[in-house]
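Take a look at the letters that make up each chain.
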Amino acid sequence: MSMKWKTNNLLFIHITRVTAFLILALSIYLFFAGHNNPGGGFIGGLMLATSILLLYLTFDRRKINKMLPMNYANWIGAGILISLLTGLIGTVVGKPYLTQFFDYFTLPFFGEFELTTAVLFDFGIYLGVGGSALIIILAIAEDT
Amino acid sequence: MSLTLFAVLLPFVAAIFIPLLYKWLRSVHTGWFVFVIPLVLFGYFLTFIPDVMNGNHYYHSLPWVPTLGMDFSVYIDGWGLLFALLITGIGFLVVLYSIYYLDKKREALHNFYVYLLLFMGAMLGVVLSDNILVLYVFWEITSLSSMLLISYWYKREASIEGAQKSTLITVFGGFTMLGGIALLSIITGTLSIQEMIAQADTAVNHPYFLAAMILILVGAFTKSAQFPFHIWLPDAMEAPTPVSAYLHSATMVKAGIYLVARFTPFFGGTAEWFWILSSFGLITLLYGSLSAVRQKDLKSILAFSTISQLGLIMSLLGIGSAALYFDVPDEIYTGAVLAAVFHLFNHATFKGSLFMAAGIVDHETGTRDIRKLGGLMTIMPATFTISVIGAASMAGLPPFNGFLSKEKFFMALTDVTEYSIFSIESAAIWFPIIGWVASIFTFLYCAIFVFRTFGGTFKPDNFTKHVHEAPIGMLISPIILVTIVVIVGIFPNIISPVLLEPAIASIMQGIPQDHPALSVDIYHWHGWELELFMTIAVVVLGSLLYATMRKWENLSIYQRERDPVNGLYDYSLKGLVSSSTGVTKLQMTGRLRDYLSFISVFLILLVMYTMFKFDAFGLNLAGMSEITVYEAILVLFFIVSVLAIPFIQQRVAAVALLGFVGFYIALFFVIFRAPDVAMTQLLVETVVVILFMLAFYHLPGLRKEKDKPTFAFPRVIISVAVGITVTAVALGANAYQQGHDLIPISNYQVENSADLAGGYNVVNVVLVDYRGLDTVLELLVLGIAALAVVTLVKLRMKEGEDL
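In order, the protein sequence lines correspond to chains H and R. The numbering of the first sequence is numbering that gives the first Met the number 0, which starts it at 0 and goes up by one. The numbering of the second sequence is numbering that gives the first Met the number 0, which starts it at 0 and goes up by one.
In case anyone wonders, no lab produced these hints; they're calculated from the structure. Note that the Cβ used here is the ideal one computed from N, Cα and C, for glycine as well. Careful, some of the hints might be misleading.
Incomplete in silico selection of chain H near chain R, CB under 10 Å [said to hold, decoys possible]: (1) VAL17; (2) PHE20; (3) LEU21; (4) LEU23; (5) LEU53; (6) THR90; (7) ASP102; (8) PRO107; (9) PHE108; (10) GLU113; (11) THR115.
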């Protein structure tokens, strides 16, 4: 992003260095919280996009490309594929497409926790939403 | 999931891995990995033969979208199995051939084999699905993969045009067929083909019966290239030759034949079915063979010949359907279906080998033009032998399999003259005449194909490369096919109990199981019957025409290669493009507010019409919760901000105020205890702010538009009307619920989210579990939209450019 008005804003850069990763962590937390508490793939994905966008607002595009050498369009494809394929799990045992499974397990020290295929499904949403938001905004930003 | 269901899906699964294999194992030709799949499937489908031979069928169903009655059900009977074996059998031969045809270094093999596997899976789905909606889905995937394969060399203009033409025509037909499917499901109340067939007796009297028949037939005719829809097939020859051999002669174009035969127990026995099929079939047969003679390109000859042969099979199915008019038909009515099934098998073998031979000639000489070719007999002896056998079989010469089915064809045509149903009397004589004339020209183009390519003198100046025989790998597949041609020609009865009888039994459902028509015995010598004289006359007259070719080949009608029906297509395509450009120009003003107006007006009209029609207005304030002070204040602020927006002159302030509105909405969500939605709303607002910051400096200042009040006024009306509509719907819905004591579905979802889905956040459970399919599809839409935005931004049109 080459914006003429951008100066070397020290405060902004330093705050971003910290907050971007906090937001990223929050996005991961929201994603995992989704099943039982507010959150989930869609919200998490948007949060992921905002954290990366914050980096783009602050730093040079070239620097970020070096830091995060990723093609966000691939995220969309990967996300959709993950969601579609987890749907197939049910069909292997003769259940309808997109049947989700879950069970509770108990581990020493950690206590009871839940494993569910819905998380995989949600992860697809997470990637897809994040990737979509990112490429739309970056395309517009790059164009200007 | 049963193994059979997996067998149908295996090509799709394999298609996912092909690009990876192509990337990681470049040293091995990707075709070798693909080769395994049809081979395994072929072996697997062979194991069904003993069961199907005994008259059994295999059925397995998996609920897919149970609420729509859309089950992924596999039904394997004789007819489906014959196709499954053809698809996988020819499939692995074609893949083997393609390994030598397509260069490992120069070609985009990953694309090619992904499309090919996509097609293979879809085609298996078409012929093995019992649920007609599932069949339709696979049907359209075959059109799609065919389009991708035709445009495989997408840098060539002709490839793109051929792909476009085939897609427009076959998808038009497929869509028409969907209409027929809808009518069929209304008539019978089921989506299972076999259950439909069980109701055939009562369905005939339904008022939609004829409409359903015609719509289904349009689908079948476009796919199987029947006149006048045939024009896409010659243009589809732009595809690589393995594709032409596989899709455009052996399998995909026979999907229409498959469907017609599959529905023969349902529609068969009616006069309309008989007449439509037999007349279109015969016209196509004659038209195809007459056009094939005029072609100068080897693959074009084969394309028109395929059209003609498909017409032949189609007409036989029409004639054979007459048998179902009777409970116990006479023998003269039952021969045609045998001829159809037998010829279908034979056509796949000899036409496949001929296409491969044409591909070899093209590959080794660099041209397919018969005016340049000649004298290849000594240079390419193996290819020559293959071509001679294939062409002789196609021309109907003994002892090859084409002779046997051609005899059966003549027999079925002459039997028509003895029919006493469907008021056929004087028209009957045209059946054998048309079939016979077409066969003469079939003989002629077979002769042209062989002798113009391999006979005559070799002219080295015509070729840019060194001409030599093809490598052995390329020859294996056609050799296997011509071996089948010869073996089946000499011992036809080795396939009759295995493949033909079960297939005929599934087409002729409804006649007694012990009827003699269902046991097949094919032999060469029938005695000095009319059919034999017809064949002899075909050979004599065909040879005569070929011998006198020098006299008539300069006629202008012979010189014209292009099919005149193409003119109609070009004309309507031009009309379609120009009129849709007109419609687009009318509505695409480039101004966002116009689009918003369109959407809003349409919404108002549609919803208000429905509201008035069903008298859904109502006002019932019982059971409402109290309005708290909080809410009242919030609403007040909300209204003030919204009303203020139109009066603001600066863009920043306007956007900030719009942001306020968004955050107010989020607050509403918080008050009504919907933290997920509130969070989503906040995040969306945040992202919009970022987007705005990025774009802000490049936007022009808000122009003060000096619109006349007459222009602004409608917009006020529209916005007020939207508000009224939404309010009326909300109030009406509430009143309706109060009046009818409805229980919201959310109760069930809230109560069961922890037990059934293992999640306490019901919003999330709805997204990932209850309505998972919606979510996946929404994600798909979002992804497509994102890519579209990127495309629009990056490929921005220059000034004056237009779509």
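Query raised in the report: Are LEU21 (chain H) and chain R close enough, Cβ to Cβ, to be under 10 Å, as the hint says?
Result: Violated: closest Cβ of chain R sits about 15 Å from LEU21 (chain H), beyond 10 Å.
Requested in this report: Against chain R, run the beta carbon of THR90 (chain H) and see if the smallest gap drops under 10 Å.
Outcome: Holds. Min distance 5 Å.
**Report entry** Restraint satisfaction for LEU53 (chain H) [CB to CB of chain R, less than 10 Å]
**Finding:** Cβ of LEU53 (chain H) sits 8 Å from chain R, so the hint holds.
Report task. May I ask you to test the interface hint for PRO107 (chain H) with respect to chain R, counting a Cβ-Cβ separation under 10 Å as satisfied? Result -> violated, 22 Å
**Report entry** Hint check, PHE108 (chain H) versus chain R [nearest Cβ-Cβ separation less than 10 Å]
**Finding:** This interface hint is violated because 22 Å lies over the 10 Å limit.
Query raised in the report: Close enough to count: is the Cβ of THR115 (chain H) nearer than 10 Å to one in chain R?
Result: Status holds, d = 5 Å.
Query - Given hint PHE20 (chain H) near chain R, where the shortest CB pair must fall under 10 Å - result: Because about 17 Å separates PHE20 (chain H) from the closest Cβ in chain R, which is outside the 10 Å limit, the hint is violated.
Query - Interface hint status, ASP102 (chain H) versus chain R (Cβ within 10 Å) - result: holds, 8 Å
Query raised in the report: Taking the closest Cβ pair, is GLU113 (chain H) under 10 Å from chain R?
Result: Since the shortest Cβ distance to chain R is 6 Å, the answer is holds.
Query - Hint check: 10 Å Cβ-Cβ cutoff, LEU23 (chain H) to chain R - result: Status violated, d = 14 Å.
Query - Proposed interface contact between VAL17 (chain H) and chain R, which counts if any beta carbon pair is under 10 Å - result: At 18 Å from the nearest chain R Cβ, VAL17 (chain H) fails the 10 Å test, so the hint is violated.
This entry does not satisfy hints 1, 2, 3, 4, 8, 9, going by the numbered hints stated previously.
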